[in-house]
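K.L.:
Chain order of the listed sequences is A and B.
Each residue of the first sequence is one higher than the last, beginning at 1 in our numbering.
Each residue of the second sequence is one higher than the last, beginning at 1 in our numbering.
Quick caveat, the hints were computed from the structure, so don't treat them as lab data.
Any given hint could turn out to be false.
Heads up, the list lumps identical chains together, so a pair's fine if it works in one copy or across two of them.
[As the list claims (entries may be wrong)] In silico BS3-like cross-links for lysine-lysine, where the CA-CA straight-line distance does not exceed 30 Å:
1. Lys176 <-> Lys134
2. Lys285 <-> Lys16
3. Lys86 <-> Lys194
4. Lys246 <-> Lys146
5. Lys134 <-> Lys4
6. Lys16 <-> Lys113
7. Lys294 <-> Lys179
8. Lys134 <-> Lys16
9. Lys180 <-> Lys134
Number of protein chains: 2
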Amino acid sequence: MRFKEIGEFGFIDSIKEQCVISLGGVIKGIGDDCAVFGPYSGRVLLFTTDMLVEDIHFLRDTITPYQLGWKAVAVNLSDIAAMGGKPLYCLISLGIPVEMNVAVIQDFYKGMKDICEHYRVNIVGGDTVASPDKLIMNVSLIGDAKEDEVIYRSGARPGDKIYLTGNIGDSCAGLKILKKEISPPRSMAGYFLKVHNEPNPLIETGRILATSRLASSMIDLSDGLLSDLGHICEESGVGALLFRSKIPLSSELKLLASRANFNPLDLALSGGEDYLLLLTVPEAKSRDLELLFKDERPSPLYLIGEITEQEGIRMVSDNGSVEKLDPKGFNHFMS
Amino acid sequence: MRFKEIGEFGFIDSIKEQCVISLGGVIKGIGDDCAVFGPYSGRVLLFTTDMLVEDIHFLRDTITPYQLGWKAVAVNLSDIAAMGGKPLYCLISLGIPVEMNVAVIQDFYKGMKDICEHYRVNIVGGDTVASPDKLIMNVSLIGDAKEDEVIYRSGARPGDKIYLTGNIGDSCAGLKILKKEISPPRSMAGYFLKVHNEPNPLIETGRILATSRLASSMIDLSDGLLSDLGHICEESGVGALLFRSKIPLSSELKLLASRANFNPLDLALSGGEDYLLLLTVPEAKSRDLELLFKDERPSPLYLIGEITEQEGIRMVSDNGSVEKLDPKGFNHFMS
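If we strip away everything but chain A, and leave its shape as in the complex, we get (with noise of 0.2 Å):
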């Protein structure tokens, strides 16, 4: 069998038994968005990794050097953001191209300084290598919170409300743009662009939820709403609702399915790089999160969704009709 046919999460199946051998130490391993180990001084640390390779993950002439280094540190914050953690050391490794030119390494370097220096993040060193073709770039990345405030994917229950921390679809959009899938006017691809080049891990937000204790699970979403919601209720052990009116979606996502002629609703679901935190919450503490977000403080906050004992992913109309959806997620290997 090939790697293509089995895909990501099949190979990650495939080989996580025995990967932790002694548990001393080891709160989390294989199955979150960071591994939590500790604890240290009443602190646990969170630790996660994100590789990205040429022509899978980007091309490179529709992204700066800058926006790509700036990106592939995004990523990494946004799993400690999802842990509800304060992010702290990453080492940068780089395979680069022999013939690359040094003044665009030295643009696509700011771009990981500047977010870096941006969230308070220490590089405190890396690998540099060299790379037969492809530019490839792997971030590994150490945070740290709390032990009791750490948030996981495991924890929903039956009758949790699902909130997402902003509009969802935009970043799936931009990649359509660059796909060029969709040829939208100059003025209004810009927008999209930015969302997918630059996206802005909600570090804030996540501390926030992890010292108010509110939350019951959270992921962030790379895969796209319906895999990584899948993650949730997987972990868990139960299913979701999701309420279709409710999916926010951003003004400029609807003009544009509406001109390009698509439901955004299909990129809202499936797509992926969102980067926003999809969290649950027990009902009983539902109205002091919401107080906690008023005013869009640090981020918006949409009530999209409740967590249910049946197992399974459904969407409920206004109209009342349901339907079962299908996780579909951004999978490397099989799209």
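We have chain A already, so just place chain B on it with the hints.
P.N.:
The following block gives chain B in isolation, referenced to the frame of chain A:
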């Protein structure tokens, strides 16, 4: 200017400013085998990463998938050993060609799991992505140690003795056999190929050195003796004098060299990937060190030179003649 002209170390010099933006917690950033941060309850954490790219660091047909997995983790463990640390948790990022056979990757992962189990390291997560054609691996590893146990590159002082923990040059001979630059009989080749493809990081030796508090500086040999000794000299602001007749060479290497007509000292000085420990020890403690390593447990130990106030690396022969050596290690971009 292109990347191959500036090289790995030139690039690192060009970007290392302003990487650490908040000193709180960072004990050592760029410039040692691991980053060091903390302390947490009197312990500090060691953080390192290495990227291996197909056709740069290995050829798929000269190493088994199992050995490749073993080696990808081993090179990171060696960085923890070089600081005197205990390895704890790793993340594994894989960029996998979509056409690759799943069984091959599982063999590869078996090598990773076996070395992690051997050295009591937990695999706590990672990232699995597609790659257009080359196999890419990035391992990030965290270890720890007591704050005053950690051995840096920067502590060497004039008069310190320089020690090496094993025979050197065998791995480079293995590489030359793989590249068909040397073609010994099969019975002779096996030894060198095993040294090159299955390095054993010296974790136990590093721990004994850390707890004994005898070493003033340490590094692992990955780039080659001259290059790595050069790093100690640069970070410590000193020079070194090597004793030509004391550089430890295996009987296998001497035999191979006499048959294939090369000078084994060239491989010993400028080869790479030995994954031994190179350390310095104040003269007053050198007898204690030698007693600690008597009977070659946990490693052999060879006195190979001494640290000098005069900068640069020189080598003295038994007849008293001194030559200046130019550090030429394995440089990924300029080879």
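K.L.:
I want to check one pair: Lys134 and Lys16. Are their C-alpha atoms no more than 30 Å apart within a copy, between two copies, both, or neither?
P.N.:
both (29 Å within a copy, 23 Å between copies)
K.L.:
Quick one: Lys294 to Lys179, C-alpha cut-off 30 Å, is that within a copy, between copies, both, or neither?
P.N.:
Classified as neither: same-chain Cα gap 37 Å, cross-chain 65 Å, threshold 30 Å.
K.L.:
My question is about Lys16 and Lys113: at a cut-off of 30 Å on alpha-carbon distance, are they close within one copy, between copies, both, or neither?
P.N.:
between (34 Å within a copy, 10 Å between copies)
K.L.:
Please work out whether the CA atoms of Lys176 and Lys134 approach to 30 Å or closer within one copy, between two copies, in both situations, or in neither?
P.N.:
both (22 Å within a copy, 26 Å between copies)
K.L.:
Could you place Lys285 and Lys16 in one of the four classes (within, between, both, neither) given a Cα distance threshold of 30 Å?
P.N.:
So Lys285 and Lys16 fail the 30 Å test inside a copy (35 Å) and across (46 Å) alike.
K.L.:
Checking Lys246 and Lys146: alpha-carbon separation at most 30 Å within a copy, between copies, both or neither?
P.N.:
neither (33 Å within a copy, 53 Å between copies)
K.L.:
Is it within, between, both, or neither for Lys86 and Lys194, if the alpha carbons may be no more than 30 Å apart?
P.N.:
within (25 Å within a copy, 43 Å between copies)
K.L.:
Which holds for Lys180 with Lys134 at a C-alpha limit of 30 Å: within a copy, between copies, both or neither?
P.N.:
both (22 Å within a copy, 27 Å between copies)
K.L.:
I want to check one pair: Lys134 and Lys4. Are their C-alpha atoms no more than 30 Å apart within a copy, between two copies, both, or neither?
P.N.:
Answer is both; intra-copy 20 Å and inter-copy 15 Å each pass.
Violated hints for the displayed structure, listed by number in ascending order: 2, 4, 7.
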